[in-house]
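Enquirer: Chain by chain, the residues:
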Amino acid sequence: MQTKDINEQIKWAQINKDVLRSMENPRMAYWVAVGTCLAMLMCAVVAEIYQYQVGMGPANLNWPQMWGLYIATFIFWIGMSHSGTLLSAILHIVHADWRKPIYRFAEAMTTFSLMTAGLFPMIHLGRLWNMYWVLPYVSDRGIWPNFRSPLVWDAFAIFTYLTSSAMFLFIGMIPDLAICRDNAKGWRKKLYTALSLGWSGTDRQWRHFRKTYLLMACFLIPLAVSVHSIVSSDFAMSIMPGWHVTSFPPYFVAGALYSGCAAIITLFILLRYFFRFEEYMTIPILEKTCKLTFVIAMAWSYLNLIEFAATWYGHDTAAKEVLWDKFTGPYSPYFWAMLFFGSVLPFTLAFEKLRRHLPTMFVVSLLLNVGMWLERWMIVSPTLSLSYHPIAWNVLWPSMVQWAIVFGSFGWFGLLFLVFVKVFPSVSMYEVKEMVYHRRRAHVEDQAKYFHRRLSDRQPATDTPSP
Amino acid sequence: MSKHRIMGLFSDFDQAFAAVADIRAYKIPGVSVDDVTIKSPIEHPEIEEVLGERPAHVPKFTLMGALFGMTFGFLFLASAQATFLVQPQGGKPVVPLPSNIVLTYEMTILFGVLFTIISFVIGSRIVRKRDTLYSEMVSLDQVGVLLEVDEGKAQALKDLFKAHEVVEIREEVVR
Amino acid sequence: MSLKNILENWSNYRRDREAGGHHEYEHMWGMAIDLNKCIGCNACAVACYAENNLAIVGKEKMTKKQGMHWMRIERYWGEPDLDKLSQSSSQYQEHGANFLPMMCQQCNAATCEPVCPVAATFHTPDGLNAQVYNRCIGSRYCSNNCPYRLRYFNFYSYYESSWPAPLHLQLNPDLSVRDKGVMEKCTFCIQRIRVAKDKARMEDRVEKEAAVIKVGDSTFRAAAGRGKLEDMEFQTACQQTCPTGAIVFGDMLNPESQVRKLWDGHQVSLGKTKQTKQNPEKRGYRVFEALNTDPCVMYMERVREV
Numbered sequence: 001m002q003t004k005d006i007n008e009q010i011k012w013a014q015i016n017k018d019v020l021r022s023m024e025n026p027r028m029a030y031w032v033a034v035g036t037c038l039a040m041l042m043c044a045v046v047a048e049i050y051q052y053q054v055g056m057g058p059a060n061l062n063w064p065q066m067w068g069l070y071i072a073t074f075i076f077w078i079g080m081s082h083s084g085t086l087l088s089a090i091l092h093i094v095h096a097d098w099r100k101p102i103y104r105f106a107e108a109m110t111t112f113s114l115m116t117a118g119l120f121p122m123i124h125l126g127r128l129w130n131m132y133w134v135l136p137y138v139s140d141r142g143i144w145p146n147f148r149s150p151l152v153w154d155a156f157a158i159f160t161y162l163t164s165s166a167m168f169l170f171i172g173m174i175p176d177l178a179i180c181r182d183n184a185k186g187w188r189k190k191l192y193t194a195l196s197l198g199w200s201g202t203d204r205q206w207r208h209f210r211k212t213y214l215l216m217a218c219f220l221i222p223l224a225v226s227v228h229s230i231v232s233s234d235f236a237m238s239i240m241p242g243w244h245v246t247s248f249p250p251y252f253v254a255g256a257l258y259s260g261c262a263a264i265i266t267l268f269i270l271l272r273y274f275f276r277f278e279e280y281m282t283i284p285i286l287e288k289t290c291k292l293t294f295v296i297a298m299a300w301s302y303l304n305l306i307e308f309a310a311t312w313y314g315h316d317t318a319a320k321e322v323l324w325d326k327f328t329g330p331y332s333p334y335f336w337a338m339l340f341f342g343s344v345l346p347f348t349l350a351f352e353k354l355r356r357h358l359p360t361m362f363v364v365s366l367l368l369n370v371g372m373w374l375e376r377w378m379i380v381s382p383t384l385s386l387s388y389h390p391i392a393w394n395v396l397w398p399s400m401v402q403w404a405i406v407f408g409s410f411g412w413f414g415l416l417f418l419v420f421v422k423v424f425p426s427v428s429m430y431e432v433k434e435m436v437y438h439r440r441r442a443h444v445e446d447q448a449k450y451f452h453r454r455l456s457d458r459q460p461a462t463d464t465p466s467p
Numbered sequence: 468m469s470k471h472r473i474m475g476l477f478s479d480f481d482q483a484f485a486a487v488a489d490i491r492a493y494k495i496p497g498v499s500v501d502d503v504t505i506k507s508p509i510e511h512p513e514i515e516e517v518l519g520e521r522p523a524h525v526p527k528f529t530l531m532g533a534l535f536g537m538t539f540g541f542l543f544l545a546s547a548q549a550t551f552l553v554q555p556q557g558g559k560p561v562v563p564l565p566s567n568i569v570l571t572y573e574m575t576i577l578f579g580v581l582f583t584i585i586s587f588v589i590g591s592r593i594v595r596k597r598d599t600l601y602s603e604m605v606s607l608d609q610v611g612v613l614l615e616v617d618e619g620k621a622q623a624l625k626d627l628f629k630a631h632e633v634v635e636i637r638e639e640v641v642r
Numbered sequence: 643m644s645l646k647n648i649l650e651n652w653s654n655y656r657r658d659r660e661a662g663g664h665h666e667y668e669h670m671w672g673m674a675i676d677l678n679k680c681i682g683c684n685a686c687a688v689a690c691y692a693e694n695n696l697a698i699v700g701k702e703k704m705t706k707k708q709g710m711h712w713m714r715i716e717r718y719w720g721e722p723d724l725d726k727l728s729q730s731s732s733q734y735q736e737h738g739a740n741f742l743p744m745m746c747q748q749c750n751a752a753t754c755e756p757v758c759p760v761a762a763t764f765h766t767p768d769g770l771n772a773q774v775y776n777r778c779i780g781s782r783y784c785s786n787n788c789p790y791r792l793r794y795f796n797f798y799s800y801y802e803s804s805w806p807a808p809l810h811l812q813l814n815p816d817l818s819v820r821d822k823g824v825m826e827k828c829t830f831c832i833q834r835i836r837v838a839k840d841k842a843r844m845e846d847r848v849e850k851e852a853a854v855i856k857v858g859d860s861t862f863r864a865a866a867g868r869g870k871l872e873d874m875e876f877q878t879a880c881q882q883t884c885p886t887g888a889i890v891f892g893d894m895l896n897p898e899s900q901v902r903k904l905w906d907g908h909q910v911s912l913g914k915t916k917q918t919k920q921n922p923e924k925r926g927y928r929v930f931e932a933l934n935t936d937p938c939v940m941y942m943e944r945v946r947e948v
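Residue numbers (the numbering used here), protein chains in the order written: chain A, 1 to 467; chain B, 468 to 642; chain C, 643 to 948.
No lab work stands behind these hints: they were computed from the structure. In this text, all values refer to a predicted model and were calculated from it rather than measured experimentally. Think of the CB as a built atom: it goes at the ideal place given N, C-alpha and C, for glycine as much as any other residue. Don't take every hint at face value.
Once the Cα atoms are required to be at most 20 Å apart in a straight line, the calculated EDC-like pairs of lysine to aspartate or glutamate come out as [unchecked claim]:
(1) A:211 with B:638
(2) B:527 with B:513
(3) A:288 with A:8
(4) A:190 with B:598
To give an idea of the interface, some chain A residues facing chain C are shown, with a C-beta separation under 7 Å as derived from the structure [as the list claims (entries may be wrong)]:
(5) 57
(6) 125
(7) 126
(8) 136
(9) 137
(10) 138
Take these sequences, add in the hints, and give me the full structure.
Expert: Okay, here's the thing in structure tokens:
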């Protein structure tokens, strides 16, 4: 059984070769994937053009329910963006070196899901063409946005987070881009020469690099937490029953980490399979990610229960009614599905046999994210369907326009990610080298036999002295 | 007298550090460890120990950026709100502290990050032409030790490198 | 300079709700609706459509709840007496419905205002929640945060379909026709308010002195130079049309106004989350005032025999 995070005897030239190979010669499957993503994206583009021309009517929204899947999916993508950078930063600060082979694609996932998420507040605007009015720019008319609005906080938070996480991804990638530059030809050579900013690996550069990277990691942890807290205040700052919940910020952050971790597992398995990254994205690393996901899943379940209990034992009858409606009302199938996918299914992650079985983990991670998407929908819609005023009680099924745009957003994300993995190294070469370097130094052949083994493993030969 | 720039490429990192340690111990008179530039494929905190303390001023700029972001952020928001009296809102003060705290927090981080990046780009002298003694092996798995010495000391330095199993020595003459 | 502005006026800017914030009022428009008098005829809603250029969306969109009725008559039935209902041939209760005419409550601590990202909805010196159509970008947060659900969104462009020629000639020229993507709601017929205020100013009917006026528990700083309008100098469209006179509209800052007298008479006051009535028999109440929205519309409960 494979128990080591990485084979420390791997040759450095092999690392370069494996990763650089993954960026070249796209196979048929790659082009099929690109085509599929483009087709999905086109669904959204067509729907959005139609909606832009006609108005928000075809989205099947109405005056009791002004928000629908757009905002739910917005939160979903924002949440997805949380794991990559946040986990990478936390694990970097605590020197957990198993992050090194997997953080690059996770951070790319962060950036791209943010770029997807950022589209939704725009798409859902009634007058998309005036969206820049949310930004605080100096205008001749002396008009400013309303800084009290959580939507303006969103704009600030997303801008800050997108800038910071994209820079975090980019700065961390500079030494790798230098490797690419040294090995590339043609347009790639020009691209990497420009992007690697003249990196030559001098001690001055590394010194500044290390400090910069650490400082950015320090900034990104509170930033990521604040971003999803701010997104949660879109709801928590309102007075609607079921939204006006004090525990929403931690609940949202936990949900964000949860869906992000699940997405990391999905992409981990895909990259491992298609790019043959078995040497780097190893089963023990997957296992660690799975354990982390399990912990976060339990935290999320706990916060869910807290919310239920606080509502149930509270005196807010309207909120209680909304909660009861979630359990029994028209949205209850989705609500129970969310609870099943979010709180029951993660128990598969608690079993080693299942954790190590890639197809199971692939399906489970996808279903976890289905659960998390349902969670966001179950935040938005039931409250709107059952607000204070009885005349406005109404159940709404989203129209095809909404579904098409939500569907297409996955295509857009997939497209960005597919371009990324072929243009940029999706495994951090220099950091895998660091990992290998340090692990090789700590490696003692005789003792290694005794470490990292299970009862079921074959006993080591008896003549070796015990450590 | 012309100056020579010499880079020795080592595949064994320990040997490279030993070479630097020798320079540090003034094995070659007149060549100081302060002139050494190490080119490395990975990040070594160990390097610092061999090279002695060398400054990196990034954290100062980060602090400056964060403080600037905080003050600028709050003053920007408050001045915008104070000049926008045309639109008061029922039951709310003109300069609402709770929401300004949220936004000031974001601005603090934004400017902290931006200043960090700028100071990184400037401080690490990164955006400039790579010097000609760059070897592609440095981005693979070898460590380069680069020095600029007088002509007379070039041979001694090369001997020192050779004593530490140098793989390749590159040299150029600068006026 | 804005910075100077802040430093000099800081305490002013931080002023709390009781003093109306950094805000000098000219009027405080309010309403009182007697549900005993309401017969549910919907004439007010029709008048509102005519006065305010409300789009007629058609049956299909109306059933999808995409209508634009700023004024709506809500119907509520009490708990049905099933025994009686089974004996009678009608499917409705003996008493019929209770009617509740609902229009924007012009809250003084409105929930819609602080959430608008572009400040398209704000509080005017007249105590109204104004909606600036030109500024609205259609994020629809205000509607989601309105407990009364009294904001309506232009889901489509209606200006071509709603008023086929020659109906476009009956559009009110005093206010705009809204295009798609814009939120709108009852304005208390702000165009009529404007006309009356302008007229008062032209006739030099102004209060020279600033004043501090107490309305119930709320204190308002009234600006100097505010128009001195007669009570009932003008009417809102719904008030004008109501056949039974159930709707009374007026300035709460004017102690002589009918609406103020009704509020005082029913011991309902602004600035409270719970009314403390000397006489619990008084019928006045405000909708959802426990949410601290501080609405400016008072309803007088319907009294029915059992």
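Enquirer: With chain C as the partner, please determine if residue 137 of chain A meets the hint condition of a C-beta pair closer than 7 Å.
Expert: violated, 12 Å
Enquirer: Hey, does the residue 126 of chain A contact hint survive, CB to chain C under 7 Å?
Expert: holds, 2 Å
Enquirer: Against chain C, is residue 57 of chain A within 7 Å by beta-carbon distance?
Expert: With a closest approach of 4 Å, the residue 57 of chain A hint holds.
Enquirer: Holds or violated: the hint that residue 138 of chain A contacts chain C, with Cβ atoms closer than 7 Å.
Expert: violated, 11 Å
Enquirer: Need the status of pair residue 527 of chain B, residue 513 of chain B: alpha-carbon distance at most 20 Å?
Expert: Violated: residue 527 of chain B and residue 513 of chain B sit about 23 Å apart, past 20 Å.
Enquirer: So if I understand the rule, the pair passes when the alpha-carbon distance is 20 Å or less; does residue 288 of chain A with residue 8 of chain A pass?
Expert: With Cα atoms ~18 Å apart, residue 288 of chain A and residue 8 of chain A stay inside 20 Å; holds.
Enquirer: Could you grab the alpha-carbon distance between residue 211 of chain A and residue 638 of chain B and see if it respects the 20 Å cut-off?
Expert: violated, 31 Å
Enquirer: Does the closest beta carbon of chain C sit nearer than 7 Å to the beta carbon of residue 136 of chain A?
Expert: This interface hint is violated because 11 Å lies over the 7 Å limit.
Enquirer: Against chain C, is residue 125 of chain A within 7 Å by beta-carbon distance?
Expert: holds, 5 Å
Enquirer: CA of residue 190 of chain A to CA of residue 598 of chain B, is that 20 Å or under?
Expert: holds, 18 Å
Violated hints, in rising order: 1, 2, 8, 9 and 10; the structure is consistent with all others.
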